[in-house]
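2 protein chains.
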Amino acid sequence: MELAEAKLKFIEAWGKLGSEWGINRTMAQVHALLLITPDALTTEEIMEALSISRGNANMTLRDLIGWGLVEKQHRAGERKEYFFAEKDTWMIARQVAQERKKRELDPVVKILNELSEVKGDDKDPEYKTFKKSVTEINKLAKNVNRTLETMLKTEENWFWGSIFKIFK
Amino acid sequence: MELAEAKLKFIEAWGKLGSEWGINRTMAQVHALLLITPDALTTEEIMEALSISRGNANMTLRDLIGWGLVEKQHRAGERKEYFFAEKDTWMIARQVAQERKKRELDPVVKILNELSEVKGDDKDPEYKTFKKSVTEINKLAKNVNRTLETMLKTEENWFWGSIFKIFK
DNA sequence: ATAAACTTTCAATAATTTTTGAAAGTTTAA
DNA sequence: TTAAACTTTCAAAAATTATTGAAAGTTTAT
Chain A
1 MELAEAKLKF
11 IEAWGKLGSE
21 WGINRTMAQV
31 HALLLITPDA
41 LTTEEIMEAL
51 SISRGNANMT
61 LRDLIGWGLV
71 EKQHRAGERK
81 EYFFAEKDTW
91 MIARQVAQER
101 KKRELDPVVK
111 ILNELSEVKG
121 DDKDPEYKTF
131 KKSVTEINKL
141 AKNVNRTLET
151 MLKTEENWFW
161 GSIFKIFK
Chain B
1 MELAEAKLKF
11 IEAWGKLGSE
21 WGINRTMAQV
31 HALLLITPDA
41 LTTEEIMEAL
51 SISRGNANMT
61 LRDLIGWGLV
71 EKQHRAGERK
81 EYFFAEKDTW
91 MIARQVAQER
101 KKRELDPVVK
111 ILNELSEVKG
121 DDKDPEYKTF
131 KKSVTEINKL
141 AKNVNRTLET
151 MLKTEENWFW
161 GSIFKIFK
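Sequence order for the protein chains is A and B. Under the UniProt record's numbering, the final residue of the first sequence carries the number 168; numbering is consecutive throughout. Under the UniProt record's numbering, the final residue of the second sequence carries the number 168; numbering is consecutive throughout.
Bear in mind the hints are in silico, worked out from the structure with no lab data behind them. Keep in mind that the hints are not guaranteed to be accurate.
[Stated by the list, open to error] DSBU-like, lysine-lysine: derived pairs with alpha carbons at most 35 Å apart:
(1) B/K72 / A/K142
(2) B/K128 / A/K153
(3) B/K110 / A/K72
(4) B/K128 / A/K131
(5) A/K139 / B/K16
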């Protein structure tokens, strides 16, 4: 396979995975493009490479910066802004984990905590089932959160090394 | 908070979380409803509870069955089909992990494997950057896959117990 | 100040995804 | 059979989400 073809495949695959996991496809594609590009790109170049409009490119880049996955670079004597992606995969994984935890998991955990406070009659099957499900999911969510928090503080090799040491 | 209000909140929260993670909101809501309902429900009752159409209810239930999260029940002397959800949260987590791995992660890993075979000139920065990103992501994906596979084979308490033993 | 170079905004449009509901299909009982 | 009870299908409509592009905004150089 040619490098050029491989790049397109990578961008496509990353975009698809993103969209299946609740991340805008274009955003994932711009990220993919910057990941496999050695130097920083201008908005113009990104528009060109992915055939997207200026507005779309601009907003997507802003989002990616918001996720901590892309940074601006400016070059002496140039007006244009250049964009480049954090290339360290473990950093990317942590960044994404942190943002999604904050934006999506934490709010649900907050609600689950409230819901597990709801009082009722333990003889009532409606109440019992509700209580049990909420409590169990809450427990699971807390374990996931705890693991994510660990991951955020940990080096990649140590993290996986430790995990696989147990699950040899 | 009233139980009835709490139930609605739970259904809403579960639906929102689902939609943020690439799962159809209605599907997550039907699942939530069945999770907190002690006994099996008919299509009619689900339509009523969530104000959705018959077609939607039918398709959603079919999907949930396909995900292994819901089962049909039939009762002697009745024509109607009843639906109920697997209530064990760990089972749900495993079921979802397994399906998403199969449907979404595995295809990407397959492509990443192909892409990491692409040959090129190690002096070419374009090639080097591509190669490095693909290889690193591939490694991460394999670690995730390995962890998921372990999770699929493991009991809940043992899984978390083992994880937190390291990350005390 | 002015204009060129560049970025941002956002209403309108397009694309995609979800939902509806009525018709067609199936099963069971009499 | 036939008809009632129930389920499935799917084209059309609605809802949601993403994209465009031109105008407005900003910055810099002269």
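Now for the hints, and whether the structure bears them out:
Restraint check for B/K72 and A/K142: satisfied, since their Cα atoms lie roughly 31 Å apart, inside the 35 Å limit. Distance hint between B/K128 and A/K153 is fulfilled; the C-alpha atoms sit about 29 Å from each other, no more than 35 Å. For the given pair, B/K110 sits about 33 Å from A/K72 by alpha-carbon distance, which is consistent with the 35 Å threshold. With a CA separation close to 54 Å, the supplied pair B/K128 and A/K131 exceeds the 35 Å bound.
The suggested pairing of A/K139 with B/K16 holds, with an alpha-carbon distance near 19 Å, which does not exceed 35 Å.
In terms of the numbered hints stated before, the structure departs from hint 4 and from no other.
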